[in-house]
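J.: Each chain, letter by letter, is given below.
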Amino acid sequence: MSDATTTGPVLAADGTPLKKSLSKALRRQKIRALMLIAPLLLFVTVTFILPIGDMLFRSVENEIVSNILPRTVVELDSWDSTSGDLPDEAVYAALAADLLIAVENRTHIKVGIRLNYELSGMTSLFKKTGRVVDDFDPDLTFAEQFIDIRDDWGEVETWQTIQMYSSVYTNGYFVSAIDMRKGPDGLERLPDGQRVYITSMIRTLVMTLAITLLCLIIGYPVAWLLANLPMAKANLLMILVLLPFWTSLLVRTSAWKVLLQKQGVINDVLVWIGIISDDSRLAMINNQAGTIITMTHILLPFMILPLYSVMKGIPPTYLRAAKSLGATNWTAFWRVYFPQSVPGIGAGAILVFILSVGYYITPELVGGPSGKFLSNWIAEFVLARPNWGLAAALGAILLGLVMFLYVLYDKIVGIDNVKLG
Amino acid sequence: MKLKNLLIGASVVAVSATTALAQDMTIVSWGGAYSASQQAAYHDPYMAANPGVNIINDESSNEAVAKLRAMAEAGNITWDVVDVVAADAIRLCDEGLAMVIDPATMLAAAPDGTSAADDFGDLMVSECYIPSIVYSTTFGYRTDLVGDTPPTSVCDVFDLVNYPGQRSLEKRPINNMEWALLCDGVAAEDVYDVLETDEGIAQAFAKLDTIKDSVVWWSAGADTPQLLADGEVIMGSTYNGRLFALIEEQGQPVAMLWDAQVYDIDGWIIPAGLSPERQQAALDYIFFATDTQRLADQAKYISYGPARASSAPLVGLHATLGIDMAPHMPTDPANATNTFLYNYAWWADYRDDLDAKFQAWLAQ
Amino acid sequence: MSKLPPYTTTGQRVWHYTFLTICGFIFFFLIFPIMVIVPLSFNAQDFFTFTPEMLAFKAEGYSLKHYEDFFGDADWQRAMWMSIKIAPVATILAVTFGTLAAVGLSQSHVPFRGVIMAILISPMIVPLIISAMGMYFFYSKIGIQGTYWGVVLAHAVLGIPFVIITVTATLVGFDHSLTRASANMGAGPVRTFFKVQMPLILPGVISGGLFAFITSFDEVVVTKFVGSAAQTTLPWRMFTGLREQISPTILAVATLLVVISICLLTTLELLRRRSERLRGMSPG
Chain A
1 MSDATTTGPV
11 LAADGTPLKK
21 SLSKALRRQK
31 IRALMLIAPL
41 LLFVTVTFIL
51 PIGDMLFRSV
61 ENEIVSNILP
71 RTVVELDSWD
81 STSGDLPDEA
91 VYAALAADLL
101 IAVENRTHIK
111 VGIRLNYELS
121 GMTSLFKKTG
131 RVVDDFDPDL
141 TFAEQFIDIR
151 DDWGEVETWQ
161 TIQMYSSVYT
171 NGYFVSAIDM
181 RKGPDGLERL
191 PDGQRVYITS
201 MIRTLVMTLA
211 ITLLCLIIGY
221 PVAWLLANLP
231 MAKANLLMIL
241 VLLPFWTSLL
251 VRTSAWKVLL
261 QKQGVINDVL
271 VWIGIISDDS
281 RLAMINNQAG
291 TIITMTHILL
301 PFMILPLYSV
311 MKGIPPTYLR
321 AAKSLGATNW
331 TAFWRVYFPQ
341 SVPGIGAGAI
351 LVFILSVGYY
361 ITPELVGGPS
371 GKFLSNWIAE
381 FVLARPNWGL
391 AAALGAILLG
401 LVMFLYVLYD
411 KIVGIDNVKL
421 G
Chain B
1 MKLKNLLIGA
11 SVVAVSATTA
21 LAQDMTIVSW
31 GGAYSASQQA
41 AYHDPYMAAN
51 PGVNIINDES
61 SNEAVAKLRA
71 MAEAGNITWD
81 VVDVVAADAI
91 RLCDEGLAMV
101 IDPATMLAAA
111 PDGTSAADDF
121 GDLMVSECYI
131 PSIVYSTTFG
141 YRTDLVGDTP
151 PTSVCDVFDL
161 VNYPGQRSLE
171 KRPINNMEWA
181 LLCDGVAAED
191 VYDVLETDEG
201 IAQAFAKLDT
211 IKDSVVWWSA
221 GADTPQLLAD
231 GEVIMGSTYN
241 GRLFALIEEQ
251 GQPVAMLWDA
261 QVYDIDGWII
271 PAGLSPERQQ
281 AALDYIFFAT
291 DTQRLADQAK
301 YISYGPARAS
311 SAPLVGLHAT
321 LGIDMAPHMP
331 TDPANATNTF
341 LYNYAWWADY
351 RDDLDAKFQA
361 WLAQ
Chain C
1 MSKLPPYTTT
11 GQRVWHYTFL
21 TICGFIFFFL
31 IFPIMVIVPL
41 SFNAQDFFTF
51 TPEMLAFKAE
61 GYSLKHYEDF
71 FGDADWQRAM
81 WMSIKIAPVA
91 TILAVTFGTL
101 AAVGLSQSHV
111 PFRGVIMAIL
121 ISPMIVPLII
131 SAMGMYFFYS
141 KIGIQGTYWG
151 VVLAHAVLGI
161 PFVIITVTAT
171 LVGFDHSLTR
181 ASANMGAGPV
191 RTFFKVQMPL
201 ILPGVISGGL
211 FAFITSFDEV
221 VVTKFVGSAA
231 QTTLPWRMFT
241 GLREQISPTI
251 LAVATLLVVI
261 SICLLTTLEL
271 LRRRSERLRG
281 MSPG
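Protein chains in written order, with this note's numbering: chain A, 1 to 421; chain B, 1 to 364; chain C, 1 to 284.
Quick caveat, the hints were computed from the structure, so don't treat them as lab data. Everything numeric in this text was worked out from a predicted model, so none of it was measured. Ideal placement from N, C-alpha and C gives every residue a C-beta, glycine not left out. Fair warning: there could be bad hints in the mix.
Straight-line alpha carbon distances no greater than 20 Å define the calculated SDA-like cross-link-like pairs of lysine to any residue that follow [said to hold, decoys possible]:
#1 A/262 x A/287
#2 C/141 x B/226
#3 A/262 x B/69
#4 A/312 x C/141
Chain B side only, calculated, beta carbon under 7 Å to chain A, not exhaustive [to be verified]:
#5 63
#6 65
#7 96
#8 144
#9 245
#10 344
#11 352
Extracted from the complex, chain A is given alone in its bound form:
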């Protein structure tokens, strides 16, 4: 007995081994923490994470062709699309059988609309065919009768498209999203004048970069001033940064619309001073300039605040020490102060970049055709001109980019260290 107590584990007050008791307490603590987090985690999962997942799934989902034309898809599987020959009679017969049911359910044109994203003319091909599909003559071959309805049924390209998009999952939307096309010999780039999305992605990135740089150039001196002024003065000036931060995005965008338009305040002032004449008023809105000016203003506080909090932690004595050791103002700043402010630059720049790259409202209102961001395309493909697969693919690409930056931000700054206000 006494042996056991001296060589055995240390016991807690209730007689259980201390180690076990401690780990039990730890487990209980973990469970309690998780219990506190669980409701929110569940909430965010249902209202946010699942919707995002659902959206991502739509970018590859392609059940429609195989659901509505099941027999055709099976028959077409064995057809060699590169042979240059048309599929054999069995495929045509299968299509006739599928269409008969599809017309009954009014689903045949849905397939046409889906395939029309890939090959123009498919909508009306399925529509026209659907109208006469119950008049087939059993004495003639189906192939003949289909080609009789419209020549397109005798084109290899029509069948290639159906075969290519018959799988349940497709990378087709992603292929379209990067301005490419699935040809019989693999991927091919669209001709020069038709590359819309890559152009838009590049433009979004370039404009976002310009906005980030402008914010940095404008925000750095202000942050420096705020960090080096006495507390009372700094707090007063800080209000000038925080007020825009707290003001509605729509208010700020309307303000810029008022300022920048041709009959607006800035043009009026310039005409009044005499810098420009009345009939050569500057076009500063509904173009890229409008978007860049407005978004720089909107996002500037997101640059100043992280810069400020980093600069606040740099002791001013370093700068003085450098100067007393003989450094010029510039050297002291560039060699001593600036390197220490780099974490603030990183934090501010990534934050501004992340927020800016997904902007929708401001480019929509002040951007015009040349100031259109990728987000504006996505919105258009969801509501105005529904092509949800393409919208989801463009969204997935944008999301991928933002997630990459988010991880980068987490590595550099840490999500926990995001400071607000």
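Please build the complex by placing chains B and C on the supplied structure of chain A, with the hints as guidance.
T.: Coordinates of chains B and C only, in the frame set by chain A:
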């Protein structure tokens, strides 16, 4: 026995309670002056005649296809009657998202007994569609900014020498491509054949390129009237009703250029998959709102032509301005000397492709 | 900074004042667009620019007509009330769930803390258009698209990251021996939370709540997708107004919103000072 009586009594009360309660009907339209004209000509008289119905307006017509798709996917249709342009109606009907209408039983005959189908004639472009108005997309110009010889032809839009200055065009290929080809010497009946080829598309873009630097692109119907009023453009395309309001209601120095106006139709569909009661209510509304008198009434508030032949003679004076509305209708013979028919079926096939090409061209 | 030492050279002086001037311009750039709409909203004309009467400070150049338009127009009023009905409910949801979770996250041993944190912060990082699109599809599927509760839930989830960030920030300096002391004295976890923890983290909770409120009150993109016409909020109405036709009524609304943000900012500033005093730091 007592309990049974009680139950019957309770259910009677319950039934009468539900019928007494106003029944909500969501009607989707375009908003602005157009919805206002529908409110005055259709909704208000209908609610006056049916005190049990409460009409809720939703201004989502430009997103109708997307939203009805999402509703159908979810199996929860929240709209009762939807106002859409012909192209969207055809698409919704094709996708099975709109219910098929039988004009003989579901629509009112003309006062002289002509069947609804004959009264609407060719305008019933889809079996799910009940047209209500004919409108057109055409140009308006500033009378004080175009010099001494006002434009008479749509091709003057492409003439920067005689009509220098900015013009506004819609930020989409529809209509612009057709006008460009018409003014590049293509015959009206060949326009869509030419547009089907890559060379034809290039030809249209080349024509548009000649004025590209002088074009302000619009996306909302109110843009061109605003731009004309501000003098930011000297001419621009928009819907004829918007120009009517600008000229007659706001008294701006603007005139209509009816040449090569493109007709389009606007009207109603009823979503497929409504419960029988809601479907019946929607049909009841449609029967009322598309009869001869109601369609003529709408023209009192906005200058769009009624879709029924029998309504045309009933078009009278503007409700507040008191001017005769007939000469302002796009279908008036004086305005309709040169009109262009918009090919729905063709655009249904080529819209995806041409939209992408158009946007790429715009961005260049 | 403000007083230059006597040994500064002329060049340094010039640079110093140039620098101050540049900063002055930047502050002007920050604040001018917001301030310019205030006088314009009292314009007696339907213009977006200063009329000669306004510049001459004549009384007839100014009027309250755009405010009358705002308060007299049924659409604007409905939009305002819809915003007032949505934002507080979304805020309460975000603050309740968010504070509980932040308390959980601040415990010393939380498994998968990094992953959980990343998930909870993501609504702030994911571009709004993507959130909006995902919610539009998914909420349609589960039948809450176009409903009041759909919009409220969407707004709540967008506000949650702000609550998490501000509350965890106040909990960083939290002395856990206080809760142990409270437990020692026989208080249950609930009582401890409300009597000990809550008063100390309250400033964080309130400022998180203000962020959540303004996020909801200012939101357009997600509202446009998740809501239907019946849920038209004030910013949505402004967005439509700006795109369709910029009517000066928008400037009156904008001015009112600026006043609201000034109130929020003041509240926050007072809270920050209180929090610093409580933690024994010198008031700023």
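J.: Does each hint hold? Answer for all of them.
T.: Hint check:
{"no.": "1", "hint": "A/262 x A/287", "result": "holds (12 Å)"}
{"no.": "2", "hint": "C/141 x B/226", "result": "violated (40 Å)"}
{"no.": "3", "hint": "A/262 x B/69", "result": "violated (41 Å)"}
{"no.": "4", "hint": "A/312 x C/141", "result": "violated (49 Å)"}
{"no.": "5", "hint": "63", "result": "holds (4 Å)"}
{"no.": "6", "hint": "65", "result": "holds (6 Å)"}
{"no.": "7", "hint": "96", "result": "holds (3 Å)"}
{"no.": "8", "hint": "144", "result": "violated (15 Å)"}
{"no.": "9", "hint": "245", "result": "violated (21 Å)"}
{"no.": "10", "hint": "344", "result": "violated (10 Å)"}
{"no.": "11", "hint": "352", "result": "holds (6 Å)"}
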